[in-house]
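Read top to bottom, the protein sequences are chains D and B. Be aware that the first sequence starts at 114, since it is given in my numbering, and climbs by one per residue. Be aware that the second sequence starts at 299, since it is given in my numbering, and climbs by one per residue.
Since the hints were derived computationally from the structure, they do not count as laboratory data. Ideal placement from N, C-alpha and C gives every residue a C-beta, glycine not left out. This list has only true hints and no planted wrong ones.
Distance ranges between label pairs, derived from CB positions: (1) D:Ala173 with B:Val315: 39 to 49 angstroms; (2) D:Gly212 with B:Gly424: 53 to 63 angstroms; (3) D:Lys286 with B:Glu481: 34 to 44 angstroms.
Pairs of lysine to aspartate or glutamate, EDC-like flavour, derived with a Cα cap of 16 angstroms: (4) B:Lys431 with D:Asp155; (5) D:Lys286 with B:Asp302; (6) B:Lys431 with B:Asp441; (7) B:Lys391 with B:Glu481; (8) B:Lys431 with D:Asp152.
What the simulated footprint calls covered on chain B by chain D, stretch by stretch (three residues with Cβ under 8 angstroms from a Cβ of chain D suffice, anywhere in the stretch; the number is not a length): (9) 314-320; (10) 533-544.
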Amino acid sequence: MVEQRFSRILRSTWIAAGILTIVLPMMWIVIASLKSPADLTDATKIAFTPTGENWANALASGLPAALLRSLIVGVVVVAVSLVVGVPGAYALARYGVGGTPLGFVLLMAQVLPPAVLVFPFLRLSHLLKTNGTIAALIPAHISFVLPVVVWLLIGFFASVPVSIEEQARIDGKSRLGAFWSVVIPHVRPGIGAACVFGFSLSWNDMFYSLILVPGSAQTLPLTIAGFNTFRGIELGTMSAAILLASIPMLIATFFIQKHLVQGLGGNGVKY
Amino acid sequence: MTSDKKFGVLMITPLVVVLIAAVGYPVATSLNLSVTDFTLTSKNVQNIGMENYAAAFSDTPFWEALWTTTAYTVLAVSIELILGIAIAAALVKQKRWVNITRSVLISPMFIAPIAVGLMFRFLLNGQSGAISKTLAALGIDHDFFGSGNVLYTLVGMDVWQWTPFMVLLMLAGMLSMPTAPLEAARVDGAGALYRLRRVLLPMLRPTITVALVLRALDAMRVFEYVFATTKGGPGTESVTVQYFIYQRGIQFFDLGYASALAFIVLAIVAVIVLVFARRVVRQHG
Numbered sequence: 114m115v116e117q118r119f120s121r122i123l124r125s126t127w128i129a130a131g132i133l134t135i136v137l138p139m140m141w142i143v144i145a146s147l148k149s150p151a152d153l154t155d156a157t158k159i160a161f162t163p164t165g166e167n168w169a170n171a172l173a174s175g176l177p178a179a180l181l182r183s184l185i186v187g188v189v190v191v192a193v194s195l196v197v198g199v200p201g202a203y204a205l206a207r208y209g210v211g212g213t214p215l216g217f218v219l220l221m222a223q224v225l226p227p228a229v230l231v232f233p234f235l236r237l238s239h240l241l242k243t244n245g246t247i248a249a250l251i252p253a254h255i256s257f258v259l260p261v262v263v264w265l266l267i268g269f270f271a272s273v274p275v276s277i278e279e280q281a282r283i284d285g286k287s288r289l290g291a292f293w294s295v296v297i298p299h300v301r302p303g304i305g306a307a308c309v310f311g312f313s314l315s316w317n318d319m320f321y322s323l324i325l326v327p328g329s330a331q332t333l334p335l336t337i338a339g340f341n342t343f344r345g346i347e348l349g350t351m352s353a354a355i356l357l358a359s360i361p362m363l364i365a366t367f368f369i370q371k372h373l374v375q376g377l378g379g380n381g382v383k384y
Numbered sequence: 299m300t301s302d303k304k305f306g307v308l309m310i311t312p313l314v315v316v317l318i319a320a321v322g323y324p325v326a327t328s329l330n331l332s333v334t335d336f337t338l339t340s341k342n343v344q345n346i347g348m349e350n351y352a353a354a355f356s357d358t359p360f361w362e363a364l365w366t367t368t369a370y371t372v373l374a375v376s377i378e379l380i381l382g383i384a385i386a387a388a389l390v391k392q393k394r395w396v397n398i399t400r401s402v403l404i405s406p407m408f409i410a411p412i413a414v415g416l417m418f419r420f421l422l423n424g425q426s427g428a429i430s431k432t433l434a435a436l437g438i439d440h441d442f443f444g445s446g447n448v449l450y451t452l453v454g455m456d457v458w459q460w461t462p463f464m465v466l467l468m469l470a471g472m473l474s475m476p477t478a479p480l481e482a483a484r485v486d487g488a489g490a491l492y493r494l495r496r497v498l499l500p501m502l503r504p505t506i507t508v509a510l511v512l513r514a515l516d517a518m519r520v521f522e523y524v525f526a527t528t529k530g531g532p533g534t535e536s537v538t539v540q541y542f543i544y545q546r547g548i549q550f551f552d553l554g555y556a557s558a559l560a561f562i563v564l565a566i567v568a569v570i571v572l573v574f575a576r577r578v579v580r581q582h583g
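Build the full structure now, drawing on both the sequences and the hints.
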């Protein structure tokens, strides 16, 4: 009993230490975003009068437009990934079509160095005259979002018992009908989790954005990097910008966390 | 062909087509670029065979960048794996506030790496950073971005952001495996260390292998932290492969050569994946 209580305290302390390591730096950014330029020169100053100036500056800068562009790219990329990825992942999980070779291709696609792909996408954007616009970014983001989304979805589909689908077939549904009205509702939370995860990859990417759309149509990460100077005013605005970009993702994490743990625990992790 | 199979093929065709267009095409183009002297501004592009590759082999800064990246990856991923298993093992037994704790503990992996890089540049900055100032008040004078320290600082950022990925995969692995063997070992009076080494780790091995491959290959792409903090400095001490290729390709417009460099990295990556994939296959028998 004593040993159990001791190990429980040890465990809680350990978890608390992890949480503090994560939350403290974030809290510091929140504090910095509320400090006036004068207060920002003293990083460890806790007592100060909060100001909304940095947030106002961030919202008045190019940030909201960049946010919108990132949103558009992310939504289009995730939509394409779902339209082709959901049936594809189902076929792989349920019928084993494509088998190990396709599984290997999906794994390799996830680990391709972006430097291999980015220059062809740059040339493609010059050929299609999409260079400098967010349209150039969409195929590039699909190249790394789609494999991850499919990989996650395979795990979710594999966890659906075949029997419920067979029952629907006996009840007179076609294969497509059974897939649509029985299997899909079962994996809906998983699809949601894969969506959010894929969206975060697109939302957070800077490398492709830096090379393909470095100009006036830049996306969020590059705009945040633009605040990277060491003048006091910019530091506060940068902090507000970092928070504006991160908060939506952090909220989403809360809702998909459970489904990610489940999906990855299925067959998703094992090839 | 059975009608099941026909249906499956029908369902998978769009995926295969998009994969060929979005991944196959650029890989093929890149391979083609790598044997030319293509630059963004060049008018006549010539096929120069293996010249780019030959040049890469005597390109000392490239190999130095590769070495820096390897050291960074090995260090970061080892720390993340150990911390990830330790945190996941604690989370498995936790009973209260499960969702909020897990959400917070995996949250850093959803923040843009450039934001993480800028955040730490800000916190660790020598003159005004909150962490350096606090350390200085405690009498510790540490130059996080100085020569000899910078690689460890970058590793620290990677650990902060990506240990959550290990936690997520290890937690998923632990929750999906049968609890009976661990219970049996406990009933038999096996100590905690024995249960960890002889029961938990062997059962987690497939998950660990996949997690290591994915994380290691992702760590090798490190770019944003360098871009946000050191731009490769001091000197070229923190130039990573991805940063080096970016410089060659974009700042010097040398796309043919940069593509050749990227393929050398890809060859190394493929070897790592094949070695690990074979081990996984062998384990599953």
